[in-house]
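If you count the sequence shown from 1, position 226 lands on 238 in our numbering, and the numbers rise without skipping.
Quick caveat, the hints were computed from the structure, so don't treat them as lab data.
The reader is advised that the hints may include incorrect statements.
Only pairs whose alpha carbons sit at most 30 Å apart, straight line, appear in this in silico BS3-like list of lysine-lysine [to be verified]:
| id | residue 1 | residue 2 |
| --- | --- | --- |
| 1 | Lys13 | Lys218 |
| 2 | Lys279 | Lys13 |
| 3 | Lys250 | Lys204 |
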Amino acid sequence: KPDAFLDLALRALPRETDEQMTSRVLGYSSNAWWRFLNAAGRTAQAERFESILREGLAQAATPSRKASWFGALRNVAVTPSTVQWLEQIWDKKESVPGLPLAETDYTSLALDLAVRNADRGAAILVTQLSRIENPDRRARFQFVMPALSADPLERDRWFASLRDVANRRREPWVLEGLNYLHHPLRAEAAKKHVQPSLEMLWDIQKTGDIFFPKRWLDATLGGHQTEDVAETVRAFLKGLPANYPDRLRNITLQSAEELFRAAQTVKR
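Kindly produce the complete structure, drawing on both the sequences and the hints.
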């Protein structure tokens, strides 16, 4: 069960000494946290989880180890105290001893904070945009910003713009935006975009990189865990025309497999 798995991971992490194993367990824990625990389960475990991550961050001996712990903490943070602390780091009023942060780290932190702080999200994004010096990274950030807006209508307009193939040319930018559009904290508002995303898949195969359809679906479905979204995918698959490409059907099943399991787990 998800809570038992997370409990095992949280007992194992303080004892694990191998860097790669620590990174792997942190990844498994983060996935279980967002994908298989429901909101009530996360609320019950949040303080303990974040406390263990902050303790691990403080005790990590090298910058690479600290980066693993900090990345996990940034990924799962939900309590006001931890989110506020991360915001202080982004504001450069706090620091993590032994962990130097680059522009890309502050950029990622700004994106994660914008999802969690509706009141300050817009100001955080605008400020971070002004900090980015590299023109390509700045353009990418500008492209993704509307997908993180606190205004659902602005997020809807950003998604609607992806129907134009010209707006899908920078595929990594699109995928980053989709990941935040469908972030677990925004999943309820984003589930209406699942059906049109599935319907766009055939066109995406015709106009994009060979790996883009799978990555598109992974980003679209990755933040969801509810039965209604799973049923949306099942109904789409059931209604496919006879000439629909087998490859796209199989890709859809692949990307949805964990969603189907998560929906069953959360329902129980």
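To see whether the hints hold, each was checked on the structure:
no., hint, verdict
1, Lys13 x Lys218, "40 Å, violated"
2, Lys279 x Lys13, "12 Å, holds"
3, Lys250 x Lys204, "19 Å, holds"
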